[in-house]
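Chains as they are written, first to last, in the working numbering: chain E, 1 to 590; chain W, 591 to 959.
Hints were generated in silico from the structure; no laboratory data involved. A portion of the hints provided could be inaccurate.
[Claimed, not checked] Derived BS3-like pairs: lysine-lysine, alpha-carbon spacing no greater than 30 Å straight-line:
1. Lys194(E) with Lys637(W)
2. Lys387(E) with Lys665(W)
3. Lys665(W) with Lys410(E)
4. Lys934(W) with Lys909(W)
5. Lys410(E) with Lys711(W)
6. Lys465(E) with Lys526(E)
7. Lys387(E) with Lys626(W)
On a predicted model such as this, the values are computed, not experimentally measured, just so you know.
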Amino acid sequence: MPEIRVTPLGAGQDVGRSCILVSIAGKNVMLDCGMHMGFSDDRRFPDFSYITRSGRLTDFLDCVIISHFHLDHCGALPYFSEMVGYDGPIYMTQPTQAICPILLEDYRKIAVDKKGEANFFTSQMIKDCMKKVVAVHLHQTVQVDDELEIKAYYAGHVLGAAMFQIKVGSESVVYTGDYNMTPDRHLGAAWIDKCRPNLLITESTYATTIRDSKRCRERDFLKKVHETVERGGKVLIPVFALGRAQELCILLETFWERMDLKAPIYFSTGLTEKANHYYKLFIPWTNQKIRKTFVQRNMFEFKHIKAFDRAFADSPGPMVVFATPGMLHAGQSLQIFRKWAGNEKNMGTVGHKILSGQRKLEMEGRQVLEVKMQVEYMSFSAHADAKGIMQLVGQAEPENVLLVHGEAKKMEFLKQKIEQEFRVSCYMPANGETVTLPTSPSIPVGISLGLLKREMAQGLLPDAKKPRLLHGTLIMKDSNFRLVSSEQALKELGLAEHQLRFTCRVHLHDTRKEQETAVRVYSHLKSVLKDHCVQHLPDGSVTVESILIQAAAHSEDPGTKVLLVSWTYQDEELGSYLTSLLKKGLPQAS
Amino acid sequence: MEPAEDWLVESLRLYQDFHAFDLSGATRVLEWIGDKGILVAGYESLKKNEILHLILPLRLSVKENQGLFPERDFKVRHGGFSDRSVFDLKYVPDTRLLVTSGLPGCYLQVWQVAEDSDVIKAVSTIDVREEGRLWPRVAIFSSAAPGVLHGARLSSLKVVDLESQKTTYSSGVSDDELLSSLQVLDADTFAFCCTSGHLGLVDTRQKWTPSENLRPSSGSAGGRWCAEAGGRGPGPSIASLGSDGQLCLLDPRDLCQPVSLVQCPVSMPSPDPELLRVTWAPGLDNCLAISGFDATVQVYDVTSWGGMGRQVEPLFTHKGHIFLDGNGMDTAPLVTTHTWHPCKPRTLLSAASDASLHVWDWVDLHAAR
Numbered sequence: 001m002p003e004i005r006v007t008p009l010g011a012g013q014d015v016g017r018s019c020i021l022v023s024i025a026g027k028n029v030m031l032d033c034g035m036h037m038g039f040s041d042d043r044r045f046p047d048f049s050y051i052t053r054s055g056r057l058t059d060f061l062d063c064v065i066i067s068h069f070h071l072d073h074c075g076a077l078p079y080f081s082e083m084v085g086y087d088g089p090i091y092m093t094q095p096t097q098a099i100c101p102i103l104l105e106d107y108r109k110i111a112v113d114k115k116g117e118a119n120f121f122t123s124q125m126i127k128d129c130m131k132k133v134v135a136v137h138l139h140q141t142v143q144v145d146d147e148l149e150i151k152a153y154y155a156g157h158v159l160g161a162a163m164f165q166i167k168v169g170s171e172s173v174v175y176t177g178d179y180n181m182t183p184d185r186h187l188g189a190a191w192i193d194k195c196r197p198n199l200l201i202t203e204s205t206y207a208t209t210i211r212d213s214k215r216c217r218e219r220d221f222l223k224k225v226h227e228t229v230e231r232g233g234k235v236l237i238p239v240f241a242l243g244r245a246q247e248l249c250i251l252l253e254t255f256w257e258r259m260d261l262k263a264p265i266y267f268s269t270g271l272t273e274k275a276n277h278y279y280k281l282f283i284p285w286t287n288q289k290i291r292k293t294f295v296q297r298n299m300f301e302f303k304h305i306k307a308f309d310r311a312f313a314d315s316p317g318p319m320v321v322f323a324t325p326g327m328l329h330a331g332q333s334l335q336i337f338r339k340w341a342g343n344e345k346n347m348g349t350v351g352h353k354i355l356s357g358q359r360k361l362e363m364e365g366r367q368v369l370e371v372k373m374q375v376e377y378m379s380f381s382a383h384a385d386a387k388g389i390m391q392l393v394g395q396a397e398p399e400n401v402l403l404v405h406g407e408a409k410k411m412e413f414l415k416q417k418i419e420q421e422f423r424v425s426c427y428m429p430a431n432g433e434t435v436t437l438p439t440s441p442s443i444p445v446g447i448s449l450g451l452l453k454r455e456m457a458q459g460l461l462p463d464a465k466k467p468r469l470l471h472g473t474l475i476m477k478d479s480n481f482r483l484v485s486s487e488q489a490l491k492e493l494g495l496a497e498h499q500l501r502f503t504c505r506v507h508l509h510d511t512r513k514e515q516e517t518a519v520r521v522y523s524h525l526k527s528v529l530k531d532h533c534v535q536h537l538p539d540g541s542v543t544v545e546s547i548l549i550q551a552a553a554h555s556e557d558p559g560t561k562v563l564l565v566s567w568t569y570q571d572e573e574l575g576s577y578l579t580s581l582l583k584k585g586l587p588q589a590s
Numbered sequence: 591m592e593p594a595e596d597w598l599v600e601s602l603r604l605y606q607d608f609h610a611f612d613l614s615g616a617t618r619v620l621e622w623i624g625d626k627g628i629l630v631a632g633y634e635s636l637k638k639n640e641i642l643h644l645i646l647p648l649r650l651s652v653k654e655n656q657g658l659f660p661e662r663d664f665k666v667r668h669g670g671f672s673d674r675s676v677f678d679l680k681y682v683p684d685t686r687l688l689v690t691s692g693l694p695g696c697y698l699q700v701w702q703v704a705e706d707s708d709v710i711k712a713v714s715t716i717d718v719r720e721e722g723r724l725w726p727r728v729a730i731f732s733s734a735a736p737g738v739l740h741g742a743r744l745s746s747l748k749v750v751d752l753e754s755q756k757t758t759y760s761s762g763v764s765d766d767e768l769l770s771s772l773q774v775l776d777a778d779t780f781a782f783c784c785t786s787g788h789l790g791l792v793d794t795r796q797k798w799t800p801s802e803n804l805r806p807s808s809g810s811a812g813g814r815w816c817a818e819a820g821g822r823g824p825g826p827s828i829a830s831l832g833s834d835g836q837l838c839l840l841d842p843r844d845l846c847q848p849v850s851l852v853q854c855p856v857s858m859p860s861p862d863p864e865l866l867r868v869t870w871a872p873g874l875d876n877c878l879a880i881s882g883f884d885a886t887v888q889v890y891d892v893t894s895w896g897g898m899g900r901q902v903e904p905l906f907t908h909k910g911h912i913f914l915d916g917n918g919m920d921t922a923p924l925v926t927t928h929t930w931h932p933c934k935p936r937t938l939l940s941a942a943s944d945a946s947l948h949v950w951d952w953v954d955l956h957a958a959r
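Okay, chain E solo, but in the shape it has when bound (with noise of 0.2 Å):
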């Protein structure tokens, strides 16, 4: 029975890492290959005992797919590849090919480097690992065998976030990786044909929520920067280097303007530098204003917003600085963190330690540091809720859809709405447990033409709405399928033809001739059977398609007619009834 199977990876039901494999067609495909940010031990890389059990993994794997750059979609994919071992391809867009290798360094620094975390990759492993990686472009087919082949779709979401289709043949699956249905200032929303995959995979952390609109996010940014602004405060927004900063640059820039502020606002130079830099390179993945803005002009060519020097940071009154990492470790973000954390009047925007309501620091060289800044937390990164689920389902009409990284029973409303709206099924697997879905693939089959028109000759015109039997020789030749009619199979093969004829006796009460008697049969059997072809011949014989029916005398007794029926072993079932019809007698002539 042929059938896909999907296997969520990893330890638990906790969200936070995207490794899914998926079997289809007799391919193994792995599905994203990422982190759980919030363990520091062996539980953060996902199970791959699963399917090391089969093997080696490089004989097991057809390929490797990622979807983005985000640490819990790639973070463990160094250490999968170089320290599991796996040397297959690796497939991902051009951006995500880009960015990924910098997310993973940065990480790497930081768990060996300051955490001194051990058994966690090198740089030198980050670098062999991206050696096996093939970049793809959007709506690309990519052939990765003979058999499989994969398409990239664009997902909105970050810079390079892909959903892939995996397709064998007439099977495929489409993973959505993260997606986003709602087009923000920098990127699209994510979009699909109407692929109609056997089954669509996509994660279901947001499922259960109704998203605040973008709008509102942007205004309670904005008044929270006007407000530490006003009071003469400053403000500290640390972000990952790409996309976010760009689109919280063009948000303060239209702001500035509006109301007519004076407060400076910089921006770090090496986040500049990077972001320009790659804009430059990934221009069609953004949204259609930024494309126009940036032919027009540098993209960080801002009125209000200026490079900063770090001497800035000691400048008195109010200011806004954009810098880097996202998580406030080490860099800029951190000197300046440390300068103004004194201040209450000043704000930041942070990660971790911090947010969860930390306000006394070890910083290096046991320095204390005491925060008494106000923290805000803004979540920029989108995702989709219920609502853009069900838009994504609906876009391509999958057989089936299959939840990630949700809890079954509170999901139970959702697979409910999600089955009845396009009448599909819904599973909701947990990590370590497998879906089986078992699919009914169409096999192309070649019929000869002359077979067709044979067929065609044999009488009456098909009915269009009826399955009309028909009789041939399937010929299975190096995955070509195709239907001839016996004597031409016999003849490529070399073979010689056989005929089977079947002759039935059946004995009639009739005094008239022969002749009479065949007329009879010939005027019963015309009424009966309205659908098939009823044939006098001149000959005195009646047809039935290809059946032939003969009467004759009964050598002995003259009151008697034998009627031949004989029929091919193709007709044998209409031979049967024939048979079964004539012996229940002629109707009495008028």
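Start from chain E and add chain W according to the hints.
This is chain W only, laid out in the frame that chain E set:
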């Protein structure tokens, strides 16, 4: 896009907090479960409507230090499907039950919110004798044995025990005036308001003898009315709203003498008077909100309103539903309902016909600083 951007910048000054959501279907009900959850329900005909139990974003539940709670989204905690349109929905306090009223069909549907899963399931029905096109208003007497007050006309007004379905009280009158609102005030009293503006307070311990206002003579007031009791602070505690924007304030001790009758600045009579809503603020003195005329919700301070025929100005007008229209429709939507947050004094929720749901905390610009 320009007016929308302008309004968004304006909103920094006008609102302390503002959240906008898109439901999968518009709702005409906003019913609280505790102070952290609300129920919404669809009202489209010829399709399956959803009944959702939504948990407010954490940000709105926490009184202080909001910065550390990034959660700005509603969580769909429970959901269920209704084959018919839902026009009224009431939660039965201290139970896991809901009662809905809608069309088609002459019955009230009772639902159960599951404990171990996220499903809202239909469990039983309460028969109602009404004509086909009328749907009864619903209110709940909460007690150890909850009672369901329902009716579409004064004549069919009754209280039914939820469990046994036995009628425990009925109006017993032949007056077939159409009802627009029903409200339970305490264990024994409820208020009713008819579409004509005729309203009254009923003590269920006695046979039908409501204290009522003077019935508006036919042809006067005109339009369609609804009412709500519950003002906080000194002053009249019953407000009655008419479809042409007239607002009448009454003291429950003397319904025959309205305290004031004012004209609210609405651009036109309500295009759908069934959507008229007037609500008293539970956390502010003498403050009420109205909606159902257009895409706005208007908040009024009724202190020192007196006399008849005055023109009044709202303390605040929520215009979010006009400007945050993401559907790109040409016509602004109609606000279908609104409600006040039970604890946060200036926070309201409003829903509109374009399926938007807003949660907003307005700034009182008039208040002395």
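Inset, instruction - Enumerate the violated hints, using their earlier numbering and listing them in ascending order. - result: none
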